[in-house]
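Go by the hints and put chain B onto chain A.
Here are the chains, one letter per residue:
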Amino acid sequence: MWGYIKVGSCNPEGVEYRPPTNPISAKLCYYKVNISQPKSLYICPMPQAIKLSELAYEIQETMEARFEGETFWVTAEISDVKKYISTRRCYLKLVERDGNSTNTELRAVFWANYYNEIELFEKKTKQNFADGIEITCEVKVRFHPKYGLNLDVIKIDVAYTLGTIELERQKTLEKLVQENPKHIKLVEGNYITYNNRLPLPIVIQRVALITAPNSDGQRDFKQELEKNKHGYAFSVTEFLTQIQGDNAHQLILEQLQLVYNNKENFDMVAIVRGGGSQTDFKPFEDYELAKTVANFPIPIYTGIGHDRNTSIVDMMAREHKTPTKVAASIIEHNFEFENSIIELKERLNQQVDYILENAKENIQDLKRLVKLASPANIMKKGFAIITIKDKIIIDPKNIQPHTEIDILLQDQIIYTTVTKKEKNAQRTNL
Amino acid sequence: MPKELTYNKAFSELEKLVEQIEDDTIQLDTLAAKVKEANELILYCEDKLRGIENDVKSGSAKLTRGVSSKAKKKGK
Chain A
558 MWGYIKVGSC
568 NPEGVEYRPP
578 TNPISAKLCY
588 YKVNISQPKS
598 LYICPMPQAI
608 KLSELAYEIQ
618 ETMEARFEGE
628 TFWVTAEISD
638 VKKYISTRRC
648 YLKLVERDGN
658 STNTELRAVF
668 WANYYNEIEL
678 FEKKTKQNFA
688 DGIEITCEVK
698 VRFHPKYGLN
708 LDVIKIDVAY
718 TLGTIELERQ
728 KTLEKLVQEN
738 PKHIKLVEGN
748 YITYNNRLPL
758 PIVIQRVALI
768 TAPNSDGQRD
778 FKQELEKNKH
788 GYAFSVTEFL
798 TQIQGDNAHQ
808 LILEQLQLVY
818 NNKENFDMVA
828 IVRGGGSQTD
838 FKPFEDYELA
848 KTVANFPIPI
858 YTGIGHDRNT
868 SIVDMMAREH
878 KTPTKVAASI
888 IEHNFEFENS
898 IIELKERLNQ
908 QVDYILENAK
918 ENIQDLKRLV
928 KLASPANIMK
938 KGFAIITIKD
948 KIIIDPKNIQ
958 PHTEIDILLQ
968 DQIIYTTVTK
978 KEKNAQRTNL
Chain B
23 MPKELTYNKA
33 FSELEKLVEQ
43 IEDDTIQLDT
53 LAAKVKEANE
63 LILYCEDKLR
73 GIENDVKSGS
83 AKLTRGVSSK
93 AKKKGK
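Here the protein sequences line up with chains A and B, keeping their order. So for the first sequence, the working numbering puts the first residue at 558; every next one is plus one. So for the second sequence, the working numbering puts the first residue at 23; every next one is plus one.
Hints may be right or wrong, so weigh each one.
[Claimed, not checked] For each label pair, taking beta carbons as the anchor points, the in silico distance ranges come out as:
1. B:Lys-38 / A:Lys-732: 42 to 52 Å
2. A:Glu-961 / B:Ala-54: 51 to 61 Å
3. B:Thr-52 / A:Phe-892: 26 to 36 Å
4. A:Val-927 / B:Lys-38: 37 to 47 Å
[Unchecked claim] Straight-line alpha carbon distances no greater than 25 Å define the calculated PhoX-like cross-link-like pairs of lysine-lysine that follow:
5. A:Lys-712 / A:Lys-683
6. A:Lys-640 / A:Lys-681
7. B:Lys-58 / A:Lys-917
8. B:Lys-56 / A:Lys-917
9. A:Lys-954 / A:Lys-977
10. A:Lys-902 / B:Lys-58
11. B:Lys-31 / A:Lys-902
12. A:Lys-681 / A:Lys-639
13. A:Lys-882 / A:Lys-681
14. B:Lys-38 / A:Lys-902
15. B:Lys-56 / A:Lys-902
16. A:Lys-683 / A:Lys-639
17. A:Lys-683 / A:Lys-728
18. B:Lys-31 / A:Lys-820
19. A:Lys-683 / A:Lys-650
20. A:Lys-948 / A:Lys-978
By construction, these hints were calculated from the structure, which means they are not laboratory data. Computed from a predicted structure; not experimentally measured. Even glycine gets a Cβ: it sits at the ideal position worked out from N, Cα and C.
Chain A extracted, bound-state conformation:
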C-alpha cells in the first residue's frame, strides 16, 4: 500500500522519492512511501490534505503553462446561448455530439470586446446566433479557480457558417425538387412551382395577410394598400403570428392552414415582415414550409425584408422583397385591369362616334339626292312635265296627235294640242 507525504514534512529513510515533474510545483512535491511497511507506517501514518485553492492554483499554473498565449480554431455546435445585450456578453456551451449523445461539452464566453463577432455573424449569415447551429471559432483556453474551465471566443469564422448554410440550402432545394416532382421544377436556374405558376385573379381585393402583430411589416403593408392613389378598395384579413425565431416556420404553417380552411374567401396570400439587420432568415429555409408554399392553391406573395438574399420560401412563391413592394404590386395589378377596361371604353366610344358620324353623313347624302331629284329642281334646269288631265305622262305611247296636253314649266303651264309625233333622233345628244 502506497501513500504520499509532502516534501519538508519529514525526511524518512528507505522511502521512494518521486522527483517533481514540473519545477513550478516543486514546493508541492511529494514522497511516495510504502505505508504497508512498518517503518514507513511509523514515518507517515496519515494522508496530508491540501487546500482546494492550492490545488486550483496548481491546475491553473499547469494550464497556463500549456495554453498561455495560444489560440485554437474549433468547430462545434453551440447550445445554452445566453446573450446579455446591455453588458455585451454572451455565455454558451460548445458541444460535440456522437449520434444522439454528447461526447464533449465545454463552456465558452464572448466578452464585451468580442461581442461584435456575434453581431457580425448575424448580419452576414442572416441567422440568429442561437442554439443548434454549428460554428467554427477561435478560442483561448482559460482556467479560473472560481469559474473553472472556459473557452474565451475571440473570433467566428463566418465563411464556414455561410458554407454550411449554403450546403444545407442546396440539400433542402434538391430534396424539394426530388420529392415533389409534380409541383416543383428547376428550370434554367429558376424554381417553377405550382404556386408561383397559379394564374392571378384578374383583380386582387381579398387578401390574407400573414405577419407579426404590431410589426413594421404589418403597418407598411396595410398603409400602402389603404393609401393607394386610385382609391381601390381592399379587404385584408390578418393571420397574426410570430414570424422570427426557432419555431416560426411551424407557426407560419399553422396560419397557412387557417387560410387554407377559408380558401374561397381569398384572392391571394401575403407573407410579410419588416426588414432590419437583425432579421432571421432561417424559418424561410425550412423544408416543410417551402413545400407547403409551393403546393398552396392560392397565389402567395412574399415580402420578408431581404433586399440581397432570396430565401427558399421566396423561390417557391412570388417574391417582392418588402411589405410595401408586395402591396404596390397588388395595386399595380388592379391598375392594369382598370387600364384594360378604360381601353375598351375608349374603343367603344370611338366606334360609337364613328357609327353615328357615318349615319349622319349617309342621311346628308340621301337628303342631297332627294333634293336633286325633286321635279322643282329639274324644272329649274329647263325641263318640263307633260300631263294629260292632271296625270303625269312618262310613256309617249299615251300621246297621240290631236291629244290635248298640258306642259308644266317652272312658272307657267302651256295648254296645247299635239299636231305631230315622231321618233327623237337626237336623243343621245341631249
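Frame of chain A; chain B shown alone:
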C-alpha cells in the same frame, strides 16, 4: 345584367360587346342597347374596384374578425 357578375365575366362580356360594335354589320337599332350594356359593365368594374358596390367588403368583414381572433391566440 346577371346577378352573380364577376370581374372575369364583366370583362369578357365587355370585350365581346366592343367587338360586336366594331363590326361594320352592326344594326343601328341594336347599337343603343349594346352601348348601354357595355357602359353598365364598365360602371360595374369601376365601382367594384373602389368598393362602392361593397359586397366584397361586407362579405368578408365577419370573417376578418372571426379568423383574426383565432389567429392571435394561436400565434402567441
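Exercise. Among the hints numbered above, which are violated by the structure, and what are their numbers in rising order?
Worked result: none
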